[in-house]
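Protein chains in written order, with the numbering used here: chain A, 1 to 140; chain B, 1001 to 1509; chain C, 2001 to 2528.
No wet-lab data here; the hints were simulated from the structure.
Each computed DSS-like pair below joins lysine-lysine, with the alpha-carbon atoms no more than 25 Å apart: (1) K2238/C to K2219/C; (2) K1224/B to K1505/B; (3) K1343/B to K1056/B; (4) K2366/C to K2273/C; (5) K2433/C to K1381/B; (6) K1405/B to K2125/C; (7) K81/A to K61/A; (8) K2017/C to K2219/C; (9) K1109/B to K2433/C; (10) K1014/B to K1248/B; (11) K2245/C to K2219/C; (12) K1460/B to K2430/C; (13) K1406/B to K2125/C; (14) K2210/C to K2179/C; (15) K1217/B to K1460/B; (16) K2427/C to K1460/B; (17) K2430/C to K1381/B; (18) K1110/B to K2427/C; (19) K2433/C to K1110/B; (20) K2427/C to K1109/B; (21) K86/A to K70/A; (22) K1405/B to K1343/B; (23) K2366/C to K1381/B; (24) K2433/C to K2366/C; (25) K2125/C to K1159/B; (26) K1299/B to K1056/B; (27) K2209/C to K2179/C; (28) K1217/B to K1009/B; (29) K2273/C to K2508/C; (30) K1336/B to K1406/B; (31) K6/A to K2239/C; (32) K2430/C to K1110/B; (33) K1109/B to K2430/C; (34) K2433/C to K86/A.
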Amino acid sequence: MTTREKLYARTIAPLVPSTLGTLDGFPEIEVRRVAEESARYVCGGPPEVFIVSYGGVLLLKLLALLTCRKPFKSLTLDEQKAMLQKSSESRFMALRMLPILVGLPIKTMFYNQDDVCRVLGYDRESLIEDARQHQVSIDR
Amino acid sequence: MIIRPEDVKGDITKSADVVVIGSGAGGAPIAKELAVEGRSVVVLEEGAHYTRDDFKLNPLESMMRMYRDAGQTITLGVPSVVAPMGNTLGGTTTINSGTALRMLGPILKKWHMFHGLHDITEDEMGLLYSHLEEYLFVKKADPEVAGPVANTFLEGARKLGLSSGWLPRNAKECEGYGSCAFGCPSGAKQSMDVSFIPDASKSGAEFYTCCRAESIKVSNDVAKGVTGRFVDPSSGRSTGIGITVEAKVVVLAGGAIYSPFFLLRQGLANSSGQVGRNLEIHPAVQTVALMDRPMDPPKGIPQSSHVDEFKDEGIMLEGGTVPPEVHAVTLPFYGKAHAAHMKQYPNMGIFGGMVSDIDSWGRVLALPRAGYSPSIFYSLKGRDVEKARLATVIMAEIWFAAGAKKVFTAITGHTELGSTADLRRLAQSRIRARDIYAMSAYHYLGTCRMGSDPEWSVVKHTGETWDVENLFISDASILPTSPGVNPQLTIMALATRNAGFIDDKLNNG
Amino acid sequence: MGTLHTWENLELTRRSKPLELSADVVIIGSGAGGAPMAHELASEGHSVVVLEQGGYFPTESFQFDCTESVRQLYLNSGLTFAIGVPTVLCPVGKTVGGTTTINQGTALRIPRQVLQEWRVGDGLKEIDPEEMSLYYTAIEEFLFVKKADPEVAGNNARKFLEGAGRLGLQGGYLPRNAKDCEGYGVCSFGCPSGAKQSMNVSYIPEAVKKGADVYADCKVTRILTENGRAVGVEGFFKKHDTRQKGPAVRVSAKVVVLAGGTIGTPLLLLRNKLANSSGEVGWNYRLHPVTQVIPIFDERIDPHKGISQSAWVDEFLAERISLETTVLPPDMLAMAIPAACDNHSEVMSLYPYTGLIGCMLRETSKGRIVPGPRHGFYVFYQINWEDVRRMKLANVIASEIAFAAGAKRVLTFMAGHNELRSLQDLKRLKSEKVSSRQFMAMSGWHPMGTCRMGDDPETSVVRHTGETWDVENLFISDASVFPTSIGVNPQLTIMAFSLRCAGFVDEKLVGETDRQEQTGTGISTAIA
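Bound-form chain A, shown alone (with noise of 0.2 Å):
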């Protein structure tokens, strides 16, 4: 991992449990993984993509220090959510995007889990070995 990847991984992994919301049936959240991953994939795009990417954790970490008095991390799960919430519900625009701009990466991370998937009638494994069955010919 880049010192970038380090970086943002370090500085995004508090948001991911309120990021992903309350999970019933799913797979208990690698906070580790998703944050790693999602480093890895901003950090692949162009660099304007990492920057706005950081950028928004930074600022969304500002907003909960304004409006709830007190760092993002020391907030429990539900005053965490709840801030996001009203964050992403909010009648401006910048402050509406913004905890969708720096969810993007983690839900993408989470939900491309092999085994979050399967819960998901989504079985990667068995789609893959139907495709390896049904290869189309490049001959004509």
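Fit chains B and C to the known structure of chain A by using the hints.
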């Protein structure tokens, strides 16, 4: 029976089954259908009655006598649009070009989808249309009579591979006098005054001409009748003689400008707040081409051909030749230049492009100080400006393909296109609404729209208003959107349809 | 027989000497614009070199891991944004086969009306609809285009068409360039069975068989010109995954064809300060803005089972709206839903019960592409009010269809109307004005128009033949030449124009050979 103002000696009080305000495409079919059913029908028409002997191929005189505001009605907004409409027995049908097209198929689906008018089915409309087409002798314009302008234009369109053809018209044995818009001198054009109205009066309907309806009598939200006043046909001033008609059903068929104006003045049927809103006018732009050979513009059928390749996009190109007097007005020149151009009139061809306006904004208001005249606000917006430009470009392209030397357009900065290079410059430039300096409109609609939701519409699919029982509206104002083509046949079809519901109402009530 | 060269088989890790190549024609880009032309010209016996910036991925490497696919196959890991309000996600492919490798495989012809508009409105009279239809037929045959099989189309499409049918709307299954498709629902992430006839399994291998040389992982940076005539290109190799830089490459050719897509082509021209006397390069960017609605049913839909894009409603094409069903695997749906916390997880837990309808516009808005620092670029795109209005209308229609199909609730991506629970909510949406700021997630999948075609060098970049006005022997063959957006998925049209352009390139090459023979130069290259 058609009653002229000179036959009326004193105040009249009548009672009838139905009183119809207006004798145009919306009013006349209802009058005829119900009169034939044996109902007593009274029609009040503000305009005077002229017959074919009065039509002397004199456009200016016709405009003074048969057009409202002498044909000088304009809309307020950017650009200002000339919006002529008829004020005579037969309404605008007497002075229109006689194009009798059915509405486009997809539009009815739009009505179903967005206005909940599922009760108006395609099959039913099909039957109504074919009945009307038979009754009005609708057939395609005869290429022999159509005249050189139309033939040349179509030739150009064919060269470009554009879908085009001859327009169906409600004319019988038309010889192409080029004067449709000023009263057909041979009576060929089957406007209301030579078709539905004579048939209706044969069955006993009474038509009071030069009689302006002033208010609808309503008690307990039920329409009871109409009061009106006779006016002097030349000045429009009241003669002091009044008329009162008690009726079971009142039909308002004053057209999409005057019907909402009438309702707004009286504050009727407007719980939805939609009366006067949603005005669409089918704005039209013209191109004039200077050809290398004589075109003899006034000869032929003024509007006989169309290019419908872009009809789904909302652009219909329909040919229109005009007499020299009118042509002189449309040219963008002054003084000597104007005279020089007018000299070339015999070599000129004119064609019009009509836009179904979806993005524009229009509204009819009854301003308290404006007297008996509605204020029409309209501004061309968004895609419609683009469409007007595109229509101009397409027409110019067709003219050049047909061998034009020059094309004159109504767009500032591009008035004269000397070559295809000029045309390209127009095609790639961005045009704003204010750059279009000459725009006219002939089809006003949408101001008392039909719908399934009383909060959103003024009338039910039957034509009856949501708010006032027994008050029906039957004219272009009830069309929820543009039919995509000249609306007269659609107005008549819906009027015939409404007549059925009125008949039911009379049976039950 | 040519070769498909990759980083590995060229052993580029150990090589530092620049690669010198020469050919009749060099094509930059292997997508829908480049591949059919490569095939066509190679079949005619010309020597063809294709340079592709992305890597080569065989069918076996597509393993249903969409996130990984996005990272590998998409430009900028799929994180390409058009800046504006709202900011629009506009992903494009960067792999052998270009965006065709990661598109949905919808193979529609250009609507007749749009072509007529181009002919009459944009001065492209030489484009004959009959001729175009011949190209389309040839391509459709070559790519096994046929309507999606209702058996494998999936429940989402079935429900959608049921709803549309109840409303009396015209629609049906979409024609697709797929052969024996089993409906794995991951078209956009590389077809795992090779059924989708994207360029990487159709035109490219065939072109290679006919003698074309394809170089993957090769980024072109310069177009070489001599006396206003394109004579070759320069670039370097760069491994797509590790971003390791390899040796430089230089190709001399008689004709240079740019097929780098609507983003790549103008950037290359702008960086080289070429072909831009009109000042139009990079302008007129269109992307077919798309928003989605997600109906939630109370019966199982299992959206991933089936073809990802298989049905559409074309009733409103004239209104510039087309509605196409699309399904996404869980991770991509999770990314697409603009909700936070519990709202998000609640919808995701209902994944098996969701469908998805995409609302696509033939927009009138235009954007712009400008080069940024270090091979980067910026896309600016502001949707105009007409399109916003139309987009709302499209969402209304899609929701109406969803309710008619039996959806219990419908999620839209418009702030303030996130969830429609009844027709009453829908009515509220109908009556309220929506601003562009309210769109929470908008994407554009069909970039077009940055080097438009026309008949006037002052307002267009290329002629109807595809050749640029300014530089002789430099052709452009991709969606960037489209003068306006077309309203339907453009891949087939790009290919048709590619074949049409190939004809002119062929003429040019024949003429060029004659010219060089006369002047006595370049005979050796002509023989080679």
